[in-house]
Amino acid sequence: MVKKVGMEISVAIGEVVKRVNADVIAAYPITPQTHIVEHLAELVAEGELDAAFIPVESEHSAMSACLGAAAVGARTFTASAGQGLELMHEVLYVASSMRLPIVMAVTNRALSAPLSVWGDHSDAMAVRDTGWIQIFTENGQEVVDNVLCAFRIGEDPRVLLPVMVHLDGFHLSHMIEPILLPEPSQVAKFLPENKYPLPLDPSRPVTMGDFGPPVIYSEAKKAQEVNLRAAKEVVLECWNEFARIFKHSYHPVECYRSEDAKVLLLAMGSFCETAMVAVDKMRGEGKAVGLLRLRLWRPFPFEEIRKAAQAAEVLIVLDRAISFGGPGGPVCSEVRSALYPLDKRPKVIGFVGGLGGRDITPDGFEAIISRGIEIAKKGSKEEFEIFGVRE
Amino acid sequence: MAEYIEEEYFAPGHRACIGCGEALAVRLACKALGQNIIIVNATGCMEIVSSQLPYTSWRVPWIHTLFENTAAVASGIEAALKVMRGKGRGLAQEANVVAIAGDGGTSDIGLQALSGAMERGHDFLYLCFDNEAYMNTGIQRSSSTPFGAHTTTSPAGRRSIGQFSWKKDMPAIAVAHKIPYVATACPSYPKDLMRKVEKGLKIRGPAYLHILSVCPIGWRCATDLTIKIGRLAVQTGVFPLYEVENGKYSLNLDLPQLKPVAEYLKLQGRFRHLSDEVIKEIQQRVEEEYAKLKEKMAG
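Protein chains in written order, with my numbering: chain A, 34 to 424; chain B, 73 to 371.
Here chain A stands alone, though its shape is the one from the complex (with noise of 0.2 Å):
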């Protein structure tokens, strides 16, 4: 009988890596990954997990010996958050351009300046045209299930591409709650051995990396996002196939008490939870309101947007993450362009909060629900608000 166990959700994750029998772990410290890299380290240094453990010397490191240990074929992984990422910048875009399928949890990490260790969306949403498959979670459980559908999804020959689980600094990475880890037999049922099918290998030489002219360019550009376009397929397909073997089910938006909803609230990660005990509370004050909880990011879920949003008169998005001197926040202005080609369409409200660690209570959401509605009816001078910043 498989029982769940309580632990912190960054040794569980060091946990996931263990069973699906990683090759290789190359990785930077940077809080709040630490806990990530730490566990897999001792894993490492106790013989429990068979892989080589590069403590690179940068982040940018971490992620280029990612690529070359994923271009030799090896199952491959690495974690990050905050300026960790956005010094891998330029190295991501590679990883997905080379079709190299590495998967990285991301502790997602608020930006500098001024200096913030805590959570928030900022880091997610600069590498969000990075090429890279991105999947948010919401509690351990998701955590766990989906670093574990992320091999599955990467390196299959259909995708072949790097794929980020993300997971909200603190809030989720230095929890500790009941978990079940995947068994060993279950994820040999579940995950095909790494077949890489062009590797480095001297018996079939192969040029990696060359040098793109513009006759060739556009059309490599083009493959690229056709390809990651059609990886929502195989991510929808690997879901439906962990719901037989684990009986958890996950979907690109999963929609909260939001059948016959007028209002639905829009919101990414680790606040779902948190907005949900608003939801439930103003249900039962008898308002028609719901939730939509965007997991999957990259590739974007359209079609599911609009199915589970078209329906109601408003819809309000909050963002952890501000594109400064833009539309307010990169979530709402990607729903509102996926709803706009509909005829009859909610009204879209953003809002941006919970910057830097800053948490957002029950009571909070509700407000921003409540405040939601009351734009929707009056309008606002603004593109968007920030919640509960002080003035």
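Please note: incorrect hints may appear among the correct ones.
Stated by the list, open to error - Every beta carbon over 12 Å from chain B, so not counted as near; a handful from chain A, in silico:
| no. | residue |
| --- | --- |
| 1 | E81 |
| 2 | A103 |
| 3 | A146 |
| 4 | V160 |
| 5 | P230 |
| 6 | V286 |
| 7 | E306 |
| 8 | E367 |
| 9 | T394 |
| 10 | P395 |
| 11 | K414 |
Claimed, not checked - Computed Cβ-Cβ distance ranges for the label pairs, DEER-style:
| no. | chain 1 | residue 1 | chain 2 | residue 2 | range |
| --- | --- | --- | --- | --- | --- |
| 12 | A | S403 | B | S187 | 55 to 61 Å |
| 13 | A | K228 | B | D296 | 46 to 52 Å |
| 14 | A | D162 | B | S187 | 28 to 34 Å |
| 15 | A | K228 | B | G277 | 29 to 35 Å |
| 16 | A | K228 | B | F236 | 49 to 55 Å |
| 17 | B | S187 | A | Q219 | 38 to 44 Å |
| 18 | A | E258 | B | T225 | 34 to 40 Å |
| 19 | A | V248 | B | A248 | 44 to 50 Å |
Unchecked claim - Simulated coverage check for chain A against chain B, where a stretch passes if three residues somewhere in it have a Cβ under 8 Å from a Cβ of chain B:
| no. | region |
| --- | --- |
| 20 | 55 to 69 |
| 21 | 105 to 118 |
| 22 | 192 to 201 |
| 23 | 242 to 248 |
It is worth saying that the hints were derived from the structure and are not from the lab.
All figures in this text were calculated on a predicted structure; none of them were measured in a lab.
Even for Gly, the Cβ is constructed at its ideal location relative to N, Cα and C.
Let chain A serve as the given structure and place chain B on it in line with the hints.
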């Protein structure tokens, strides 16, 4: 050495300029490296001239990713091959990992990654092809550009002597990492170069080879003088050929009498603005450095 003369793993038909010392050095190095290698190439001249889609000059597995991360990519490959071999699912053939980069990719932007990889002790060979400036982007100065050289970002002018700093001593930096093998080479001495590549490849742990590569475009010299200028660099003591094995220095071509540096400088347009006084200053510095190197041989 005769057995690897015939094979060309760096295919002809690349886009390097006429008289390119680097292309020659790479060709020679590839002969010594043989087939069972994986090359990691930094951004730079060599990557651009050898890999334009849909063509490739590489008959061995080759990867380019970025400019500054070559040694880190090599680390990942080396570590992955080792662990996968242990798990019984490595490559059919064992492969040695070779990183190649220019002087900018080595002594400037890639220095951190290289230092990390050397310090961690990965089993790989790093070849720096030093043409003493950013030639690929149009002859900009690097920290490996010699004192007094005119480049597009260290131009000689009424208030400028050209390159204002002395060439960074990359081999000494490699030696400071206490790695098992560090050497200098130049394609004007092909047998010496190939011997060192072969040796660096065989040695377990990090090996660093610094190869002076004449660039007629950037050095403003005639394209048929590549070999001669390379020889003069060695014979004047500007670029001595030596090896450092486990910290022990040996000079490969001991010169009882150094030729005057002016003989080396006068063939290159990048130095043509230098006054006799500055040339004297360079001469003095070269002699001092050479004497210091010889002291290390004695030690």
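Exercise. Since A146 (chain A) was said not to touch the interface, does its Cβ keep a gap of more than 12 Å from each Cβ of chain B?
Worked result: holds (23 Å)
Problem set entry | 46 to 52 Å as the expected CB spacing between D296 (chain B) and K228 (chain A), which holds or is violated | holds (51 Å)
Problem set entry | Nearest-CB test (12 Å) between chain B and E306 (chain A) | holds (37 Å)
Problem set entry | Three-residue Cβ test at 8 Å for the coverage of the region 55 to 69 of chain A by chain B | holds (count 3)
Exercise. Is the hinted range of 28 to 34 Å satisfied by the C-beta distance from D162 (chain A) to S187 (chain B)?
Worked result: Cβ of D162 (chain A) to Cβ of S187 (chain B): about 31 Å, so the range 28 to 34 Å holds.
Problem set entry | Outside-interface status for V160 (chain A) - nearest CB in chain B farther than 12 Å | holds (16 Å)
Exercise. Taking the CB of K228 (chain A) and the CB of G277 (chain B), does the distance hold inside 29 to 35 Å?
Worked result: Holds - the Cβ-Cβ distance for K228 (chain A) and G277 (chain B), about 31 Å, lies within 29 to 35 Å.
Exercise. Would E367 (chain A) pass as off the interface with chain B, using Cβ distances and a cut of 12 Å?
Worked result: With a cut-off of 12 Å, E367 (chain A) remains clear of chain B, as the shortest Cβ separation is near 28 Å.
Problem set entry | Assertion that P395 (chain A) lies outside the chain B interface [Cβ separation over 12 Å] | Given a closest Cβ separation of 45 Å, the condition holds.
Exercise. Measuring from beta carbon to beta carbon, are S187 (chain B) and Q219 (chain A) in 38 to 44 Å?
Worked result: Roughly 43 Å apart at Cβ, these two residues keep to the hinted range, so it holds.
Exercise. Per the coverage rule (Cβ-Cβ under 8 Å, at least three residues), is the region 242 to 248 of chain A covered by chain B?
Worked result: holds (count 5)
Exercise. Closest CB-CB distance from T394 (chain A) to chain B, is it above 12 Å?
Worked result: With a cut-off of 12 Å, T394 (chain A) remains clear of chain B, as the shortest Cβ separation is near 43 Å.
In this structure, the earlier hints numbered 2 and 22 are contradicted, and the remaining ones agree with it.
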